[in-house]
Amino acid sequence: MSCFLSITGVVAAAVRLVPHNATMPAYVIMIYLAAAMLFALSLKWLSSPKTARWGVLAGEIGMAAAIIATLFLPEVRHYDWIAIAFLIAIIAAIPMALLIPMTAVPQQIALFHAFGALAAALVGTAEYYAHGSSLGTSTLIAIGFESLLGYLTFTGSLVAAGKLQEILPTQPMNYPGQNVLSISILSASVIAGAMVVIIPANPLVFPIFIALCLLFGVMLILPIGGGDMPTVIALLNSYAGLSASAMGFVLNNKLLIIGGALEGSSGFILAMIMCKAMNRSFINVLFGQVQAAKAGKSDDIYGGNIKSVNAEEVAAILDGARRVAIVPGYGLAVAQAQHAVGQLFELLESRSVDVQFGIHPVAGRMPGHMNVLLAEANIPYDHLMEMDRINPEFENMDVVIVNGANDVVNPDARDNPNSPIAGMPILNVDKAGTVIVIKRSLSPGFAGIPNPLFAAKNCLMYFADGKKAVLDIIAELEKL
Amino acid sequence: MSPSLESNLFVFALAAFLGYEVVRRVSPQLHTPLMSLTNAISAISVVGAIAVTGAGHNTTMVVVLGTIAVTASMINVVGGFLMTDRMLKMFKKRKSN
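Heads up: the protein sequence lines correspond to chains W and D, in order.
Residue numbers for the first sequence follow my numbering, beginning at 1 and rising by one.
Residue numbers for the second sequence follow my numbering, beginning at 1001 and rising by one.
Do not rely on the hints blindly, as some may be mistaken.
Straight-line C-alpha distance at most 20 Å; calculated DMTMM-like pairs for lysine to aspartate or glutamate [said to hold, decoys possible]:
no., chain 1, residue 1, chain 2, residue 2
1, D, 1093, W, 346
2, W, 479, W, 346
3, D, 1093, W, 386
4, W, 276, D, 1021
5, D, 1092, W, 346
6, W, 50, W, 382
7, D, 1092, W, 376
8, W, 479, W, 349
9, W, 276, W, 386
10, W, 457, W, 313
11, D, 1092, W, 354
12, W, 457, W, 415
13, D, 1093, W, 382
14, D, 1093, W, 354
15, W, 467, W, 313
16, W, 307, W, 398
17, W, 44, D, 1021
18, W, 307, W, 472
Calculated directly from the structure, the hints in this document are not laboratory data.
The following block holds chain D by itself, in its conformation from the complex:
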């Protein structure tokens, strides 16, 4: 097993555990914004798509696939964060009047 695979597996296992512990404490009221927010966060895959596209490998196909991937994941980033915030804005305590 290569050292990078080994450390990646450790990171994955610990991050999954961290996610489990943090998400378990999220109020059920906020489960829809939770799903929308985690989805926006996992669109961090845009970083990988940028690296692949920007490196401009030896085939046009790679650039085409990369560009579609950047578009798709960036829609996920922008849309995910905006929609999460739009939903959370509506959660208010009783008006003080």
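Isolated chain W (complex conformation):
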């Protein structure tokens, strides 16, 4: 305790206002420039799994160089609090990054977004309280953007992480007047931000502004359902980057602007890809009400046309197959079936069967999540096929095994213009010789609609848990 008091005393005794926008030494500028180039290279190397780990190394070197250069800036004179912060961060971050199961990666990334955005927001707040009304209008506007994006991404990401961890309800939470309320809070935040710029000396405007931004983040993400999380997490990724970029405008630091802009555009592209894969718009994801599912029609479609099989029969079908595709959905991860599927892959490959995985862009809880889960189950990445690459191949497949996916293989999206999911890109599994769907029941997916695939002539239903079913198929196949 006395140690802390003395540190505070030292800090208090040594405080002195540094002129804003102090010029940086040339060597720091050169190191920042090198770091910016390493960051760009880092993303370029991520384009292929072959070079991706070099990309991480480039990013790490750029980051380490930039941090060390910053510690040598003449205006940085006190290291005690920085050292404490570094220590806490390293102790906290290592278990977070290394112990988290791969199924929980989306919520961990949402938490990292929250931390990054909080840092940006707090630096904006600190700048405001350090320099207050002496700041120019353009800097105050930048602080406004930094704080708005930072605080809303902070609470929004915490809510998203809560939903992904299923601490918060994952069902869409809609209530009357929801959009009016959300937009009112956003408008109030923007007005409060404008007041910060116009009357920065007023002690009340900034705290009110912060409170409104925090509240807006909660109100924006809370109503959105679990099925839309891939888009939401990509969008929050973009916001977190933009808040870091805005911080670069506040501190007049181009490295921050570049680092933030890279994430800003990356998150934006991913959010666009997710929206396209669900055939929805941003506005629809953020403010759309989920239409009530048209129930009751399922009997007309399924009635008398469902053919059920067991593990023994599936094994017999696979025994005669030469080309097999496996289509995993999020249900596979819920059932923790990825390692069982990895074993089935090994077994089929050892019997000279060609096995490919067909992966829909929204197959997991975030963009690319299913690929990570399957890579963890030791499936080589050259067998993980994206939708556009595998769709022309289905007609040559003897057997397709669908495990834990539903809406993304619903042929109505392609064939029935009146379907609620009409136009959504799907995996054309119905073109294959035989389709085996592993599913607990005929219950609908996120879209809440029946799937005519299940009643198709070439489709067989295997009603079971996703993991047990695969293990039983392996056991039967080994007998043959």
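Here the structure of chain W is known, so what remains is to put chain D in place on it, guided by the hints.
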């Protein structure tokens, strides 16, 4: 418009464009590591947090906010890079046996 704001806007626009062009080429297989890596890179905001905290401005509040900001962004840096590498390590080609 001040010269610094002008050059900052140019840098932002070009960096956003560069990000768009580079990220567009990233294989969809790697979209999760991509998000994790860009997030770690944008935690470069730790640099700003260090500058604000280390300057030790005239109020305790600034130091407190700065210290929390350094902690939060440093968690983002360390955790982001470690988790990205952990995921990428699992992406292997077919075993040669």
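Hints, verified against the model:
1. With a C-alpha separation of about 14 Å, the suggested pairing of residue 1093 (chain D) with residue 346 (chain W) holds against the 20 Å cut-off.
2. Distance restraint check for residue 479 (chain W) and residue 346 (chain W): the Cα-Cα separation of roughly 16 Å lies within the 20 Å cut-off, and the hinted pair is therefore satisfied.
3. This hinted pair checks out: residue 1093 (chain D) and residue 386 (chain W) have alpha carbons roughly 16 Å apart, not beyond 20 Å.
4. Distance check on the hinted pair: residue 276 (chain W) and residue 1021 (chain D) sit about 18 Å apart at the alpha-carbon level, within 20 Å; holds.
5. Proposed proximity of residue 1092 (chain D) and residue 346 (chain W) is supported: the alpha carbons are some 14 Å apart, at most 20 Å.
6. Proposed proximity of residue 50 (chain W) and residue 382 (chain W) is supported: the alpha carbons are some 11 Å apart, at most 20 Å.
7. Pair hint residue 1092 (chain D) plus residue 376 (chain W) holds up; C-alpha atoms about 9 Å apart against a cutoff of 20 Å.
8. Using a Cα cut-off of 20 Å, the hinted pair residue 479 (chain W) and residue 349 (chain W) holds, with the two alpha carbons roughly 16 Å apart.
9. About 14 Å separates the Cα atoms of residue 276 (chain W) and residue 386 (chain W), which keeps this hinted pair within 20 Å; it holds.
10. With a C-alpha separation of about 16 Å, the suggested pairing of residue 457 (chain W) with residue 313 (chain W) holds against the 20 Å cut-off.
11. Using a Cα cut-off of 20 Å, the hinted pair residue 1092 (chain D) and residue 354 (chain W) holds, with the two alpha carbons roughly 18 Å apart.
12. Annotation: proposed proximity of residue 457 (chain W) to residue 415 (chain W) holds, straight-line Cα distance about 16 Å (limit 20 Å).
13. Distance hint between residue 1093 (chain D) and residue 382 (chain W) is fulfilled; the C-alpha atoms sit about 6 Å from each other, no more than 20 Å.
14. Of the pairs offered as hints, the one joining residue 1093 (chain D) and residue 354 (chain W) holds, with about 15 Å between alpha carbons and a cut-off of 20 Å not exceeded.
15. Taking the CA atoms of residue 467 (chain W) and residue 313 (chain W), the gap is about 17 Å. The hint holds against a cut of 20 Å.
16. Of the supplied pair hints, the one linking residue 307 (chain W) and residue 398 (chain W) holds, its CA atoms being roughly 18 Å apart against a limit of 20 Å.
17. Straight-line distance between C-alpha atoms of residue 44 (chain W) and residue 1021 (chain D) comes to about 9 Å, which keeps the hinted pair within the 20 Å bound.
18. Proposed proximity of residue 307 (chain W) and residue 472 (chain W) is supported: the alpha carbons are some 19 Å apart, at most 20 Å.
Comparing the model with each earlier hint shows no violations; every hint is respected.
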